[in-house]
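Visitor: Okay, here's what each chain looks like letter by letter:
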Amino acid sequence: MSNLLTVSPSPHVHSDDSTRKIMYRVVYAMIPALLWSVFIFGIDALRVTLIAVAACIAFEYLIQKYLMKINPSVTDGSALVTGILLAFNVPAGIPWWIIVIGSLAAIGIGKLSFGGLGSNIFNPALVGRVFLLISFPVQMTSWPVTRQSDVDAVTSATPLGIIKEGLTNGTPVSQLLPDLPATSDMLLGNMGGSLGEISVLLLIVGGLYMLFKKVITWHIPVSIIVSVGIIAAIFWGAAPQNYVNPVYHLLTGGLMLGAIFMATDMVSSPMTPKGQIIYGVGIGVITISIRLFGAYPEGISFAILIMNAFTPLINTYVKPKRFGGK
Amino acid sequence: MLKTFKKGGVHPPENKLSSGKPIEVLPPPASVFIPVAQHIGAPATPVVSRGDTVKVGQIIAKSSSFVSTNIHSSVSGKVKKVDFQADSSGYPKQGVFIDVAGDEWIDEIDRSDELKKEFELSGEEIVRKIQDAGIVGLGGATFPTHVKLVPPKGMKADVLLINGVECEPYLTSDHRLMLEKTEEILVGTQLLMKALNVEKAVIGIENNKPDAIQLLTEKSKTYQGISVVALKVKYPQGGEKQLINAVTGREVPSGGLPIAVGAVVSNVGTAFAVYEGIQKNKPLFERVVTITGKAVSSPSNLLVRVGTPTSVLIEAAGGLPENSGKVISGGPMMGRAIASLDVPVTKGTSGILLMEKEQSKRKEYIACIRCSRCVSVCPIGLEPYLLMTLSEKQIFDQSEDAKIMDCIECGSCSYTCPSNRPLLDYIRFGKGKVGQIIRSRKK
Amino acid sequence: MSITVIYTVATLSVIGTSAAVILYFVARKFNVYEDPRIDEVEQNLPAANCGGCGYAGCRAFAEACVKANDLSDLDCPVGGNETMNKVAEILGLEAVKKDARVAFIRCNGTCDHRPKTNIYDGATTCAIASSVYSGETDCQWGCLGYGDCYDACDFDAIELRADLGVPRIIDDMCVACGACVEACPKDLIELRKKFPKDRKVVVACRNQDKGGVARKACAVACIGCSKCEKECKFDAITIENNLAFIDSDKCKLCRKCAPVCPTNAIIEENFPPRKIKVEEKEECNTAK
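Just so you know, the sequences run in chain order A, B and C.
Numbering-wise (the numbering used here), the first sequence opens with residue 62 and increments by one.
Numbering-wise (the numbering used here), the second sequence opens with residue -14 and increments by one.
Numbering-wise (the numbering used here), the third sequence opens with residue 849 and increments by one.
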């Protein structure tokens, strides 16, 4: 075009960071845990992940184009993240059609019905997961055996499942312990569970990468983990026969996945550090309450969804400290 | 640990391309346009008319109220007309057009280079002379300096801060001034201290100018009460409130002036102008301007007469590069893009920045993903994402409660936003509206 | 039937009855008397809630009407005389007949008429652009074209014309609520008297610069030459700050002013084509 000068308001430079870059950094952070799950559960893990990703992207494109009639924004990478996270939250052996239904719930109900990226109140992947958990409880809790297990079985139980069932039946903790994996196995991820939640170590590696790349801040994960740890320790200290060691609570189930990848979802978490700590502690308290007293062995997804609903309220009442304010 | 302000801030690439270039004197151009409003406050009233002959340093527009200041001719020649032309604000403003003939200065100005340290003036006399010399804050805000030096009743300054931070990327005019006019700045600082009746002055300099820090620390030893503080490089440290916070740890209260915490901030350029205005009787009609940009063939620091068209400066730096897309008066974070190269240099022009075409256009913006980076970088602790939405929806009572008026328009939020949202555009608009509402309420 | 069922039914009945009693007394205690005419008036209003009357919605306007002793200061621009007559009937007052109005954007600085001298690249609203600088052309008075008026219009009466660069009012849809007048930062939009067949003669310019400057910025700028003022027999045209203005309440649509305008700043709309005689005269003038 001609040599006309451009006029725009300041600032005239930009940090060159973009939403897409942030989304891809989240994807990179999830890759170690994904590889581990492929190693543990075999090619099934990859199959589930690919189906979830493809379904999420396809639904986002189709709904935006034909229902909302807006320019599809699938390239921003958020559907990719939702797809992987949804896959991380289901057992590796789940039938393909259930994943597709979950993806539709995640993208259609969880995200686009609120207006798309940035407007959703709840974490879309968790909406998908909880939708599936309630609709298909059997399939959603049929954990495939891990590669290492020598037992000749088709399904195995998660450590939290063993604990819940045992304690509900009145078995003391000491008798349950032999059934539970060793601490090192829990750290590495050599145990039953959802696709992406098993390897605590690799999830933490991903979390550190995101922390380093400034995708997340420490406030949410630390406050969740610390509050879960403290409450579990109090109960364990008071009645060691009725409650398990807090280490089991920290290293098993979806706690790490939830604390590092799901609760930190920018869209549905509070804006200020103080608010993020309130939110994190809330998730921790609800999670451990469900685990100790609820009907489900695991509660982090419900806890996150419940606190998601509180996020707007937290944003309204917890303001950053103003410069020069009282 | 180096000192810095506590809250927020960003670190854009510094790009100080011209920091090694000594200040060169740009000869007067063929014609100038000197706006009568080069400061915050009431525009000055022109006192010359068509056909008048003026000399360098002669008053051409008189201060019209207390918060206003004199405008002096920067050239000698004949007044062509008093008319309107766009300045960097983007709107036509009244000013004096002068056709340059020769370079004849008024006799009062001492044109020698000799350093004059001693002065025997009282504080009031210094303030009056500063007012007469038309000195304004040269950091960019152009607040008349004499107003700052007279604190409101019941308030007293205890420290003078000299701002040598120059946190804007690209700009180097203050840096060069500190290196080349070190002693003059220190004498100017002493004059300001005397005018304010304070015992202590601190010169704050960011750590990316180690030569200036060293030189000023060395030279300031012989001046009583003046010290130098090195600061961590962080934008917007050059903001008044941020500098006070970085150096003294005090926080200017919301809606208050720096004097409320006993501090007065002046730019190094202002200190130099004060030196020249008082010791050399030289009113403010020229200043150092950085002319820079990645495509500019020779980025430089020029001593430019006020009123010189931007095009003359660009010529002096090697001409307008082929693919220029944007010309900014000031730095890249807070400067104003200008629509025409006829826009003159004014007292507040610290630099001219030329951007290439590729960098001139903003990227398209998308939805807010609530990453909260704008909140974490805001040096005032505001919530830019919220203020933008409130402005967009025109809910101004809520934005007032959310302290929109405290925004210093540093642009850190727009700079960081990964969704490229024009946060500051909307906040500035909202600020304007809320300001109107507050004013109409007072009436 | 066990005792539990009876017990449950009894308890619920007691709770329900006592709640009803409490509600009855509370409703009486906090009863607010409202003039029934307010509802009646409101039902006859267009329910557009546009704020064109100056009140916050139709309900507030209805309250104001009921309170008022005469209706001369109150007008519903959307409903027009018909609505106001009905309101007057309900309240037993006299309606004041008012001329219907229609909005007009007084800028014809289309892309052809007004060359661009720079490119704006900020948030695309007129309010923000005008706070940044004077605009993409050399005319600091004219339309910016980002459509704040379009956004403000609740009645789809404004169309954005990418081909022109300035929006246009669709007269049939316009209810003269004045929302666009408020929204325009350049103060370009005026509510003018609505003539039969939507005919209009209007100075489509707000440029207050001196003639030369205005003309240089835009081919159809008013240069304040006052030729039209001299031509007008009804004192409808005034010149102020180098700018002509046609008062639509005085204008008789005689069309004498338009041909004399040297820059075609005066626009005539919805008239039958001029007779050939006039065109000849025009040609003579330009030939000189």
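Think of the hints as simulated: they come from the structure by calculation, not from any bench.
There could be a bad hint or two in this list.
[Said to hold, decoys possible] A few chain A residues that face chain C, going by a derived Cβ cut-off under 8 Å, partial list only:
no.	residue
1	Leu65
2	Val68
3	Pro70
4	Ile131
[As the list claims (entries may be wrong)] Below, computed lysine to aspartate or glutamate pairings styled on EDC-like, alpha-carbon distance capped at 16 Å:
no.	chain 1	residue 1	chain 2	residue 2
5	B	Lys418	C	Glu1030
6	B	Lys342	C	Asp969
7	B	Lys378	C	Glu1088
8	C	Lys934	C	Glu888
9	C	Lys915	C	Asp947
10	C	Lys1075	C	Glu1088
11	C	Lys1045	C	Glu1117
12	B	Lys348	A	Asp105
13	A	Lys382	B	Asp84
14	B	Lys346	A	Asp77
The C-beta atom is built at its ideal place from N, Cα and C for all residues, glycine as well.
Visitor: Please verify whether Lys378(B) and Glu1088(C) have alpha carbons no more than 16 Å apart.
Guide: Given that 16 Å is the threshold and the Cα spacing comes to 36 Å, the pair is violated.
Visitor: Holds or violated: are the alpha carbons of Lys1045(C) and Glu1117(C) at most 16 Å from each other?
Guide: Holds, at about 10 Å.
Visitor: Between Lys418(B) and Glu1030(C), is the straight-line Cα distance small enough, at 16 Å or below?
Guide: holds (13 Å)
Visitor: Taken at face value, is the distance from the CA of Asp84(B) to the CA of Lys382(A) at most 16 Å?
Guide: Not OK: Lys382(A) and Asp84(B) at ~54 Å, beyond 16 Å, violated.
Visitor: Given the hinted pair Lys934(C) and Glu888(C), is their Cα-Cα distance within 16 Å?
Guide: Judged against 16 Å, a Cα distance of about 10 Å means the pair holds.
Visitor: Against chain C, with CB atoms and a cut of 8 Å, does the hint on Ile131(A) hold up?
Guide: violated (18 Å)
Visitor: Does Asp969(C) sit within 16 Å of Lys342(B), going by the straight-line distance between their CA atoms?
Guide: Answer holds: Lys342(B) to Asp969(C) is near 12 Å, not above 16 Å.
Visitor: Given Val68(A) as an interface hint, is the shortest Cβ-Cβ distance to chain C below 8 Å?
Guide: Since chain C brings a Cβ to about 5 Å from Val68(A), closer than 8 Å, the hint holds.
Visitor: With a cut-off of 16 Å on the C-alpha distance, tell me whether Lys1075(C) and Glu1088(C) pass.
Guide: Distance ~13 Å between Lys1075(C) and Glu1088(C) Cα, so the pair holds.
Visitor: Classify the hint on Pro70(A) as holds or violated, based on whether any CB of chain C lies nearer than 8 Å to its CB.
Guide: Since chain C brings a Cβ to about 5 Å from Pro70(A), closer than 8 Å, the hint holds.
Visitor: Quick check on the hint: Leu65(A) CB to chain C CB, less than 8 Å?
Guide: Constraint on Leu65(A) satisfied, holds at 5 Å.
Visitor: If you draw a straight line from the CA of Lys915(C) to the CA of Asp947(C), is it 16 Å or shorter?
Guide: Given pair Lys915(C), Asp947(C) is violated - Cα atoms ~24 Å apart, limit 16 Å.
Figure legend: structure checked against the earlier numbered hints; hints not met, in rising order: 4, 7, 9, 12 and 13.
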